[in-house]
Amino acid sequence: MTVEQDHDKHQRPFRIRKSLRELVHKSRVSKSSNNPALSLPPLPYHDHKCEEYAYDVLFECQRGSLAVGYSSKTLLQFDPNPWCDADMRFTPMNIENYQLPDPTWQWVSKDWMIDMTEDVDEAGWQYALKFHGAVWHGNYKHFRSFVRRRRWIRLRHRLLTGQQLQQQQSDEPLLLDLSESTPTCSPSAAAADVPYNDKDIMERLQKCRLDRERLAVLNRAIQSTLPGLEDQLLEKAIDYMDMFDYDDTKYKFLAQLLQKKCDSDQGKIHLTEREKKAVQSLRFYYDIQSILDTIDPNVVTR
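If you count the sequence shown from 1, position 53 lands on 53 in the UniProt record's numbering, and the numbers rise without skipping.
Possibly wrong hints are sitting among the right ones.
Calculated pairs, DSBU-like style, for lysine-lysine (alpha carbon to alpha carbon, straight line, at most 35 Å) [as the list claims (entries may be wrong)]:
#	residue 1	residue 2
1	LYS260	LYS73
2	LYS49	LYS207
3	LYS73	LYS199
4	LYS260	LYS276
5	LYS252	LYS236
Please keep in mind that the hints were generated in silico from the structure rather than gathered at the bench.
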């Protein structure tokens, strides 16, 4: 055996098994339990029957470089957007143009405030090696602080009048065609016998102004006890998703629907070609991967 043959024998083969995107997001799920969601300051004491308080949260994200320092313009393709919501997902709004959900809400805080309750530096920044799956710390560390984020919060409030409470109860859309000839039957029995009405859902979605209202309409349909309703909704999922303005809302609707189907089918999901297209229609790769991770990709039949 020659020296060259002996070298080839002991040389280990070099294999690339995962893509760059998979390596970047590898620890996102495995470390989620060690990096829970940041807590918010407590809400003011109030009567839940008369008024409501809520925090709006925005994350400001930047990446650092030796040439220009930290900036949102140096973010890479697989990084979050310069401004993200509380779940670190894309939002088109920032602290300058953020809008209240509806005119009934009013700002309690005069301006947006930097959250200083966690481990942050004097300007409210947290540093990490990367955005997904890394440990965040409040002081700059060499070779461990390539990215940073800062959380902004603002408190809003609204009064719940009797008229608003009554409207919330009476404004729930009926997603099933209830027969007038059987008014004495129970709601559960009627829901089990009456077919699914796609036309009624589409009409209600067209009347909605915000994605939040459209998602509420579809959530009521998902929560129905009608057998096989998940399959019927999934067949029309692409049409419903086209009604949404933002990709984040499309992801939330599809994730909830597939989770309901997974629960009802006892962990065995068989997706049709149209249902697969609905999943693949999501704009971002990590949205698709998050759905598969939520419903356990080992049980999904492709």
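Status of the hints after comparison with the structure:
no. : hint             : in the structure
1   : LYS260 to LYS73  : violated (40 Å)
2   : LYS49 to LYS207  : holds (28 Å)
3   : LYS73 to LYS199  : violated (45 Å)
4   : LYS260 to LYS276 : holds (16 Å)
5   : LYS252 to LYS236 : holds (16 Å)
Checked against the numbered hints listed earlier, the structure breaks hints 1, 3; every other hint is satisfied.
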